[in-house]
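First to last, the protein sequences are chains R and D.
If you're matching positions, the first sequence starts at 1 in our numbering and goes up one per residue.
If you're matching positions, the second sequence starts at 1 in our numbering and goes up one per residue.
Hints in this document: simulated from the structure, not taken from any laboratory.
Cβ coordinates follow ideal geometry from the N, Cα and C atoms, glycine included.
Treat the hints loosely; a few may be bogus.
Said to hold, decoys possible - Reference excerpt, derived from the structure (chain D facing chain R, CB under 10 Å, subset only):
| id | residue |
| --- | --- |
| 1 | Leu-116 |
| 2 | Asn-204 |
| 3 | Leu-214 |
| 4 | Met-221 |
| 5 | Asn-224 |
| 6 | Lys-228 |
| 7 | Asn-232 |
| 8 | Met-241 |
| 9 | Ser-242 |
| 10 | Gln-244 |
| 11 | Ser-287 |
| 12 | Gly-292 |
| 13 | His-296 |
Claimed, not checked - Residues on chain R that point at chain D, a partial pick, calculated with CB under 10 Å:
| id | residue |
| --- | --- |
| 14 | Leu-6 |
| 15 | Asp-19 |
| 16 | Ala-25 |
| 17 | Thr-26 |
| 18 | Asp-30 |
| 19 | Pro-33 |
| 20 | His-64 |
| 21 | Met-65 |
| 22 | Glu-67 |
| 23 | Asn-69 |
| 24 | Met-89 |
| 25 | Lys-112 |
| 26 | Leu-119 |
| 27 | Glu-148 |
| 28 | Ile-149 |
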Amino acid sequence: MHLQTLNLLNALTVLIVEDDEIARATIKQDIKPYCKVFYEAGDGLYGLQLFKEHQIDVIVTDIHMPEINGFDMIEEILKLKPEQLFIVMTSYDSDQNLIHSMKDGACSFLRKPLDMEELQTALVMTLGRIKYTTKTLSSDVHIDYQKEIIYRNDEPIFLSHKCNKIFWLLCYNIGRLVSYDMCENYVYNGECVNKSTLYNEILRIKKQLSTLDIENIPKEGYILRVTPVS
Amino acid sequence: MLANNFEPAISQVFKSPINKIDNMIAAIAPFNGKSLATLVVEIKDVEEKVSQTKFEGVFAVLIDANRKILVDPTIAFRGKKLSENIPELKWLEDEIFSKEAGLVEYELLGKKYLLLFDTVASTHWKVVLTLEKEVAFANLNAQTKKLLYLSFGFFILGTCLMLGINAVHEFWRHQVEKKKDEYEFILAHRSRMSEIGELISGINHQLQQPLNALNLLTTSMLSNLKNKTLTNETLEGNLRMSQQSIVLMSKTIGLFRNFYRCDENISQFSLQKCIESVLQVLYIDFSRQNIGVEIHNDTHKDLQVTSVDNFIQQVLLVLLQNAKEALLTKAEINHHKIQILISVEKDLVFLDISDWGEGITKETKAKLFDNIKSSKKDLGSGIGLYFARKIAREKLEGDLILIQSSSPTTFRFSFKYHLLKKDYDNASTNA
Numbered sequence: 001m002h003l004q005t006l007n008l009l010n011a012l013t014v015l016i017v018e019d020d021e022i023a024r025a026t027i028k029q030d031i032k033p034y035c036k037v038f039y040e041a042g043d044g045l046y047g048l049q050l051f052k053e054h055q056i057d058v059i060v061t062d063i064h065m066p067e068i069n070g071f072d073m074i075e076e077i078l079k080l081k082p083e084q085l086f087i088v089m090t091s092y093d094s095d096q097n098l099i100h101s102m103k104d105g106a107c108s109f110l111r112k113p114l115d116m117e118e119l120q121t122a123l124v125m126t127l128g129r130i131k132y133t134t135k136t137l138s139s140d141v142h143i144d145y146q147k148e149i150i151y152r153n154d155e156p157i158f159l160s161h162k163c164n165k166i167f168w169l170l171c172y173n174i175g176r177l178v179s180y181d182m183c184e185n186y187v188y189n190g191e192c193v194n195k196s197t198l199y200n201e202i203l204r205i206k207k208q209l210s211t212l213d214i215e216n217i218p219k220e221g222y223i224l225r226v227t228p229v230s
Numbered sequence: 001m002l003a004n005n006f007e008p009a010i011s012q013v014f015k016s017p018i019n020k021i022d023n024m025i026a027a028i029a030p031f032n033g034k035s036l037a038t039l040v041v042e043i044k045d046v047e048e049k050v051s052q053t054k055f056e057g058v059f060a061v062l063i064d065a066n067r068k069i070l071v072d073p074t075i076a077f078r079g080k081k082l083s084e085n086i087p088e089l090k091w092l093e094d095e096i097f098s099k100e101a102g103l104v105e106y107e108l109l110g111k112k113y114l115l116l117f118d119t120v121a122s123t124h125w126k127v128v129l130t131l132e133k134e135v136a137f138a139n140l141n142a143q144t145k146k147l148l149y150l151s152f153g154f155f156i157l158g159t160c161l162m163l164g165i166n167a168v169h170e171f172w173r174h175q176v177e178k179k180k181d182e183y184e185f186i187l188a189h190r191s192r193m194s195e196i197g198e199l200i201s202g203i204n205h206q207l208q209q210p211l212n213a214l215n216l217l218t219t220s221m222l223s224n225l226k227n228k229t230l231t232n233e234t235l236e237g238n239l240r241m242s243q244q245s246i247v248l249m250s251k252t253i254g255l256f257r258n259f260y261r262c263d264e265n266i267s268q269f270s271l272q273k274c275i276e277s278v279l280q281v282l283y284i285d286f287s288r289q290n291i292g293v294e295i296h297n298d299t300h301k302d303l304q305v306t307s308v309d310n311f312i313q314q315v316l317l318v319l320l321q322n323a324k325e326a327l328l329t330k331a332e333i334n335h336h337k338i339q340i341l342i343s344v345e346k347d348l349v350f351l352d353i354s355d356w357g358e359g360i361t362k363e364t365k366a367k368l369f370d371n372i373k374s375s376k377k378d379l380g381s382g383i384g385l386y387f388a389r390k391i392a393r394e395k396l397e398g399d400l401i402l403i404q405s406s407s408p409t410t411f412r413f414s415f416k417y418h419l420l421k422k423d424y425d426n427a428s429t430n431a
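If we strip away everything but chain R, and leave its shape as in the complex, we get (with noise of 0.2 Å):
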């Protein structure tokens, strides 16, 4: 593939989720050097954690893995970030059904055995996917999601951590109902959280943002909502 071309993957955060120890070095080999971030895993649970610790714009994952397998991987993600893009290395027999389940336009396929420049093309594609880079949220804020900055008045916003996490979980989700399970799964790793303490949390974003329509659905969660802009 042309050099010029692969210069493009500049852009993207990509993460690797595969168990063979030598496609993932040869992967690393061929990909990392062009790209922003580079993050990899040897298996489902460990790629599911630095998802939820990074946020990535393409995660590249093989399905037959240890621990968990990549649907399951994939299913847990796009509960908390149903726009995620996938790149999915299968292997012909038994994922031709498991395929067809899967939801359109999230992921793209690609067959094993893999070829390198397919691959790295597949990933040039991906940058066309990418919606929304930026997004108006209320009068006064807008976001990038892809450099994950949060403006206000075009001046960026740092939030503490937690609320940071809680915000951009709110943000891959606008319109839905975030439910308190996805906050406690997404930014406090499960760990049962008291509603308070995110009540606080949502508390502290709505002060330094206080446009932002976020309500709280009694007992479910919260949601933000967006009005289009006009």
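Got chain R; can you put chain D on it based on the hints?
Below, chain D without anything else, positioned relative to chain R:
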């Protein structure tokens, strides 16, 4: 007609289906609890014998198990009970049917009679000889001789009947044995084929990873070459990784080849390695389903066993596949576990394979090791247990039993620690 739970029996008298006139009886003998052999005899022959022996003052009667008279010089009496024909003699009928054999005196219409009765072997028919007491004591010698001939005659008849039944029985038993052997041979073949099929599927999966790695490496090197970004260091590293992948593929093929060779040689080998090679064969399949296998072998890590490693692996394969199937029915995504516990006692090695899967129901337990499976789905693993046990018992001087049905389901596979060729040959022939 004779739903009699497969007991030997003699039927009621019935009309010959051929000419609708002659009276017939059928003698029936079961074998294997599953089928019957039948011998059909015209009752005319029996009657002839009886009427021939009728003589002055003595008569013989044959009564069936339901107390109906079969043969009687008085034709009108036939087909009815003695108590129906002569109601006053009901007590006599009861007497005859209360014992195997005996001698009774009775009086009828002013005459005194002696009655001798006996039971025909393996049926409940009664042979009755009646003589007038006067006649009896008058000419005892001659009468006694004739009586002897009569009872002897009945005895011979009974024996012939039995011999006939036996001959038929033997013939059919032999036929069934032959069929059974043929059937088992086909079943064994089927089971083997299904086993090999699963192994081949395993080979496919095992080979995919190294092939994938190889393709990535070569396409990567080509691409970098074109872009002039291929350093010598990278080239060397990639080529070494390629080599690793190739070695892995070769090992995988070798591993599987061991499984379908028909090697029955006894050799000495490490038990740990033997078990591990089975696990390697199943690795990819198991890890896809998130199933892990633990070997608990603290005290016998270096155990060297003298036996047929191929057979031990085959039995283990069957047990592990079954455990896997049981685990898959449990809905949790969590890490499923199979445990192998190794212990040695006297001259036997015990392998306990446990899983915390769905368990075995009482109904299944009874038919667990049968070679006949009701559901098609079970064909793969179902037949497996039958043959696994066969191998354990016939080839390895051991056994395969279920020691716990659930939580965990545990099978105990035992085999001789030190298998001698002599034992091996004996075991096969004893099967």
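Checked hints:
With a cut of 10 Å, the hint placing Leu-116 of chain D at the interface with chain R is violated, because the nearest CB-to-CB distance is about 82 Å. The beta carbon of Asn-204 of chain D comes within 8 Å of a beta carbon in chain R, closer than 10 Å, and the hint placing it at the interface holds. Contact between Leu-214 of chain D and chain R, as hinted, is supported at the beta carbon level, the nearest pair being about 7 Å apart and thus within 10 Å. Hint status for Met-221 of chain D relative to chain R: holds, with the closest Cβ pair at about 9 Å, below 10 Å.
Interface hint status for Asn-224 of chain D: upheld, as the beta-carbon distance to the closest one in chain R is roughly 7 Å, under 10 Å. With a least beta-carbon distance of about 9 Å to chain R, the hint placing Lys-228 of chain D at the interface is held under the 10 Å criterion. Given hint, Asn-232 of chain D at the interface with chain R, is violated; its Cβ is 14 Å from that chain's nearest Cβ, farther than 10 Å. Checking Met-241 of chain D against chain R: minimum C-beta separation of about 5 Å stays under 10 Å; hint holds.
Satisfaction of the interface hint for Ser-242 of chain D is found here, the shortest Cβ-Cβ separation to chain R being roughly 9 Å, below the 10 Å cut-off. Residue-level restraint check for Gln-244 of chain D holds (minimum Cβ-Cβ distance to chain R is 6 Å; threshold 10 Å). With its C-beta approaching chain R no nearer than about 5 Å, Ser-287 of chain D sits inside the 10 Å limit, and its interface hint holds. Residue-level restraint check for Gly-292 of chain D holds (minimum Cβ-Cβ distance to chain R is 8 Å; threshold 10 Å).
Contact between His-296 of chain D and chain R, as hinted, is not supported at the beta carbon level, the nearest pair being about 20 Å apart and thus beyond 10 Å. About 8 Å separates the beta-carbon of Leu-6 of chain R from the nearest beta-carbon of chain D, less than 10 Å, and the hint is met. The beta carbon of Asp-19 of chain R is positioned within 10 Å of a beta carbon in chain D (closest approach about 8 Å), and the interface hint is therefore held. The beta carbon of Ala-25 of chain R is positioned within 10 Å of a beta carbon in chain D (closest approach about 7 Å), and the interface hint is therefore held.
At about 4 Å, the closest approach between the beta carbon of Thr-26 of chain R and any beta carbon in chain D falls short of 10 Å, and the interface hint on this residue holds. The restraint placing Asp-30 of chain R at the interface with chain D holds, with a minimum CB-CB distance near 5 Å, inside the 10 Å limit. Interface hint at Pro-33 of chain R: satisfied, since its Cβ lies 9 Å from the closest Cβ of chain D, which is below the 10 Å cut-off. The beta carbon of His-64 of chain R comes within 5 Å of a beta carbon in chain D, closer than 10 Å, and the hint placing it at the interface holds.
Proximity of Met-65 of chain R to chain D holds as hinted, the smallest CB-CB distance being about 7 Å (cut-off 10 Å). With a least beta-carbon distance of about 7 Å to chain D, the hint placing Glu-67 of chain R at the interface is held under the 10 Å criterion. The interface hint given for Asn-69 of chain R holds, since its Cβ lies 7 Å from the closest Cβ of chain D, which is under the 10 Å cut-off. Using the Cβ-Cβ criterion of 10 Å, the hint placing Met-89 of chain R at the interface with chain D is satisfied: the shortest such distance is roughly 8 Å.
Checking Lys-112 of chain R against chain D: minimum C-beta separation of about 5 Å stays under 10 Å; hint holds. The beta carbon of Leu-119 of chain R is positioned within 10 Å of a beta carbon in chain D (closest approach about 8 Å), and the interface hint is therefore held. For Glu-148 of chain R, the shortest C-beta to C-beta distance to chain D is roughly 30 Å, which exceeds 10 Å, and the interface hint is violated. A distance limit of 10 Å between C-beta atoms decides the matter here; for Ile-149 of chain R the minimum to chain D is near 33 Å, and the interface restraint is violated.
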